[in-house]
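**Student:** Residue numbers (this note's numbering), protein chains in the order written: chain L, 1 to 452; chain C, 453 to 684.
Just to be clear, a hint being listed does not mean it is correct.
Claimed, not checked - Lysine to aspartate or glutamate pairs mimicking EDC-like chemistry, simulated, CA-CA at most 20 Å apart:
#1 L:K344 / C:D603
#2 L:K192 / L:D202
#3 L:K440 / C:E536
#4 L:K131 / L:D181
#5 L:K344 / C:D622
#6 L:K201 / L:D227
#7 L:K156 / L:D190
#8 C:K579 / C:D622
#9 L:K201 / L:D181
#10 L:K344 / C:E649
#11 C:K470 / L:E445
#12 L:K143 / L:D393
#13 C:K574 / C:D636
#14 C:K590 / C:E649
#15 C:K492 / C:E477
#16 C:K666 / C:D636
#17 L:K64 / L:E298
#18 L:K286 / L:D94
#19 L:K5 / C:D603
#20 C:K492 / C:D622
#21 L:K15 / C:D603
Stated by the list, open to error - If you want the ones that stay clear, here's a sample from chain C, every Cβ over 10 Å from chain L, calculated:
#22 G514
#23 L547
#24 P558
#25 P569
Hints listed in this document are in silico derivations from the structure and should not be mistaken for laboratory results. Beta carbons are placed, not taken as given, at the ideal position from N, Cα and C, and that holds for glycine.
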Amino acid sequence: MIYAKMGLRNFWRQKSRNIYTLIAVAVGCASLVCLGGYTNRWENTLKNDAIYLRGTGSVIIYKKGGLLQSRSLPKKFTLSASEQKIIREELGHDPAVEELSPFLRMTGLASNGCSSEPFEVIGYDPQLDQKFRAKPEVQRWCKDLLVYRRGEAFAKHETPQVVGLAVGLASLLGKANVLSDKVDIEPLTDLKAYCQGPDAKDRIAADPNIQLMGLTFDGHFGAVDADVAHIFSTGTTIDEDTRLTAPLSLVQDLYQTDRATYLAVYLKDHSRARELAPEFNERLKKLGLELDIYPWDEKRISPFYVGIMSFIKAMGVFCGLLIASIVALCVINLTMMNVLERSKEMGMLKALGFQRWPIVQIFLAEAAVIAFLGCLIGIGVAEALCQVINSTDIRFNPPGFAGSVGFLLVPNPSNIVQVSTAISLLVLIASGTTSFVMAKRSCLELLTQNKG
Amino acid sequence: MVENKAEREVFVALNSLKKTYLLGETRVEALRGIDLILRKGEFTAVLGASGSGKSTLLNMLGCIDTPDSGQVQIDGVNILGMNEVQKSRFRNEKLGFIFQSFNLIPVLSVYENVMMPLLINKLIPFKERHQRVVDIIKDVGLQAQMHSHPDRLSGGQRQRVAIARALVTDPVLVLADEPTANLDSETTQQIVEMMLELNAKRQVTFFFSTHDEKLIRRVQRVVRIRDGRIEE
Numbered sequence: 001m002i003y004a005k006m007g008l009r010n011f012w013r014q015k016s017r018n019i020y021t022l023i024a025v026a027v028g029c030a031s032l033v034c035l036g037g038y039t040n041r042w043e044n045t046l047k048n049d050a051i052y053l054r055g056t057g058s059v060i061i062y063k064k065g066g067l068l069q070s071r072s073l074p075k076k077f078t079l080s081a082s083e084q085k086i087i088r089e090e091l092g093h094d095p096a097v098e099e100l101s102p103f104l105r106m107t108g109l110a111s112n113g114c115s116s117e118p119f120e121v122i123g124y125d126p127q128l129d130q131k132f133r134a135k136p137e138v139q140r141w142c143k144d145l146l147v148y149r150r151g152e153a154f155a156k157h158e159t160p161q162v163v164g165l166a167v168g169l170a171s172l173l174g175k176a177n178v179l180s181d182k183v184d185i186e187p188l189t190d191l192k193a194y195c196q197g198p199d200a201k202d203r204i205a206a207d208p209n210i211q212l213m214g215l216t217f218d219g220h221f222g223a224v225d226a227d228v229a230h231i232f233s234t235g236t237t238i239d240e241d242t243r244l245t246a247p248l249s250l251v252q253d254l255y256q257t258d259r260a261t262y263l264a265v266y267l268k269d270h271s272r273a274r275e276l277a278p279e280f281n282e283r284l285k286k287l288g289l290e291l292d293i294y295p296w297d298e299k300r301i302s303p304f305y306v307g308i309m310s311f312i313k314a315m316g317v318f319c320g321l322l323i324a325s326i327v328a329l330c331v332i333n334l335t336m337m338n339v340l341e342r343s344k345e346m347g348m349l350k351a352l353g354f355q356r357w358p359i360v361q362i363f364l365a366e367a368a369v370i371a372f373l374g375c376l377i378g379i380g381v382a383e384a385l386c387q388v389i390n391s392t393d394i395r396f397n398p399p400g401f402a403g404s405v406g407f408l409l410v411p412n413p414s415n416i417v418q419v420s421t422a423i424s425l426l427v428l429i430a431s432g433t434t435s436f437v438m439a440k441r442s443c444l445e446l447l448t449q450n451k452g
Numbered sequence: 453m454v455e456n457k458a459e460r461e462v463f464v465a466l467n468s469l470k471k472t473y474l475l476g477e478t479r480v481e482a483l484r485g486i487d488l489i490l491r492k493g494e495f496t497a498v499l500g501a502s503g504s505g506k507s508t509l510l511n512m513l514g515c516i517d518t519p520d521s522g523q524v525q526i527d528g529v530n531i532l533g534m535n536e537v538q539k540s541r542f543r544n545e546k547l548g549f550i551f552q553s554f555n556l557i558p559v560l561s562v563y564e565n566v567m568m569p570l571l572i573n574k575l576i577p578f579k580e581r582h583q584r585v586v587d588i589i590k591d592v593g594l595q596a597q598m599h600s601h602p603d604r605l606s607g608g609q610r611q612r613v614a615i616a617r618a619l620v621t622d623p624v625l626v627l628a629d630e631p632t633a634n635l636d637s638e639t640t641q642q643i644v645e646m647m648l649e650l651n652a653k654r655q656v657t658f659f660f661s662t663h664d665e666k667l668i669r670r671v672q673r674v675v676r677i678r679d680g681r682i683e684e
């Protein structure tokens, strides 16, 4: 208790120097909390994007070999209706599972009636998509990715004959209007005029109708007509020119199948994905299903998430170490000066019979006060800074992204605790080490330090 | 007094104590073979000019410096055979220190300063500590200033706190290195009187250094030191 009192009072007594230590600790803490807030923002945005908006789920169930071969040999490497039923019955009631949903991913050609472009379609359940988009975490973290550039969700339309076009693909097909725009287009019987007339470009742009073509699972040619319900950004340039989305029923209709490329399992706690994926595999294997089950954060499943997060985390660690080193140097320097100035006090304590550890404890108590106050101020500053930055709505175009995203700093409590603990440890180690080294000196040396 | 001295048991014995320092390239013989005996409860002043070896002698007795040769025995214990941990414990339990510049901890109150040595003392039960501190503060006449901080005290009062701190563990030997050097003559007189009183009351051996000739009239025994040698 007396050590704690000494710590508090010494802090106040030597306030001119301790204020610098406090500033160093607070600045370091605030910087690391903000850095953590930046990483946390991307971690959560990309995670929710991958799980809910890219249709990966927390755990993804493919037929064995389906990840690589489902598009070339769809009949062999996709899940049949009966297999889907078995999986639903086995996992649908698992308390860890929130939802199960089939997805069909295929390729084909999309046409505006005049020209065609290759596409990669993802067919999904529109109702479930609506539900996921309304989730608070998705609303919070994926605000920039949720907004359609134009149009509405599939669930807003009664007809299942609707598609969503990525911005790049819509541009390649010359489409600007969506179904909800309700533009009256004068019917033309002359296809040549439709494509080559003086107002052909405007006509194509105004017409939301497109045609989808693809090889069915039986190897025949299939085609459907659909209207563009919305134009969206995939968020990444890599698939902006090819991505097309549609209700699962439309895609199954196009490919003349009731099969699914994979089943996405949405867990209540996504962090259990790595633990539950092998467990699900074991359970389903016992039911005679040969499957490949992956957690959502595996590189093969979410290469974008893994790639971006690896980069952000590497940069975060680098900057974090840089900040921590600067803080450490400042704190060590200031602590060293403090300890050196008080060598006589140390000598007196040694003369009274204090051994090294109790002396170090006295300095540690002081360092704890500085660390606590510094971290408290640092967290307060970081929170205020985050509020200011987030409210200014700074936007930027990160590499690999199709559109601009908001510059947000969202520190999470566990990160704040980690940063505070690390900074406090740093201060304690700096103070403990310098006082320990100093206390190693002889009593006489310490008592006569000032006399030279 | 001579008879009393003979009756008392030998408490501190120094034999052929030598200490040489190197100050740059200069060899300084601080102690040149000191033989000294202190008896239990004795109040002894060591008198000498600056650089005569007084402080070195006190440092040897206080286990805070080691001689080049010779022997130091306190209360039957050869302190030169102790390791650092044993020496720390010995200092805490058996010795009391009074410094010239008081060396109080400025952020602690009088009570807390006096309590400091007890925090690490393993002989005095926790429950007794408070009363012991209060008693010794009363003994040095500072009960009214018990919760004051050193910067609110006069030089004499600060030295009283230092004396209380030195005596709170009931040491067998109190070493005081020029305890009155920073005090005016009146306060010096008061401090010496108080040390004498405590010496009589608690039967604790006092050994203090001074270069003030006026003080020696009040003490039982004076040991003169010159050029590292005793001239009793």
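**Student:** Would the pair K666 (chain C) and D636 (chain C) pass a check requiring their Cα atoms to be no farther apart than 20 Å?
**Tutor:** 13 Å, holds
**Student:** Would you check the hint for K344 (chain L) and D622 (chain C), treating anything up to 20 Å between C-alpha atoms as holding?
**Tutor:** Between K344 (chain L) and D622 (chain C) the Cα gap is close to 24 Å, so the pair fails against 20 Å, i.e. violated.
**Student:** Take a quick look at whether K440 (chain L) and E536 (chain C) sit within 20 Å of each other, Cα to Cα.
**Tutor:** 10 Å, holds
**Student:** Does K492 (chain C) pair with E477 (chain C) here, judged by a C-alpha cut-off of 20 Å?
**Tutor:** Roughly 41 Å between the alpha carbons, so the hint for K492 (chain C) and E477 (chain C) is violated.
**Student:** Would you say L547 (chain C) is clear of chain L, with no C-beta pair closer than or equal to 10 Å?
**Tutor:** At about 8 Å from chain L, L547 (chain C) fails to clear the 10 Å cut-off, so the statement is violated.
**Student:** Are the Cα atoms of K5 (chain L) and D603 (chain C) separated by 20 Å or less?
**Tutor:** 17 Å, holds
**Student:** Please confirm whether P558 (chain C) is truly not at the interface, meaning its C-beta sits more than 10 Å away from all C-beta atoms of chain L.
**Tutor:** Non-interface label on P558 (chain C) violated, nearest chain L Cβ at 7 Å vs cutoff 10 Å.
**Student:** For G514 (chain C), is the shortest beta carbon distance to chain L beyond 10 Å?
**Tutor:** Non-interface label fails for G514 (chain C): nearest chain L Cβ at 7 Å, not farther than 10 Å.
**Student:** Checking one constraint from the list: CA of K574 (chain C) to CA of D636 (chain C), max 20 Å. Satisfied?
**Tutor:** 37 Å, violated
**Student:** Just want to verify: P569 (chain C) was marked as not at the interface with chain L; is every Cβ pair farther apart than 10 Å?
**Tutor:** 5 Å, violated
**Student:** Given the hint that K344 (chain L) pairs with D603 (chain C), test it: the Cα-Cα distance must not exceed 20 Å.
**Tutor:** The hint holds at about 17 Å.
**Student:** Verify the proposed pairing of K201 (chain L) with D227 (chain L), using a straight-line Cα cut of 20 Å.
**Tutor:** 17 Å, holds
Checked against the numbered hints given earlier, the structure breaks hints 4, 5, 7, 10, 13, 15, 22, 23, 24 and 25 and satisfies all the rest.
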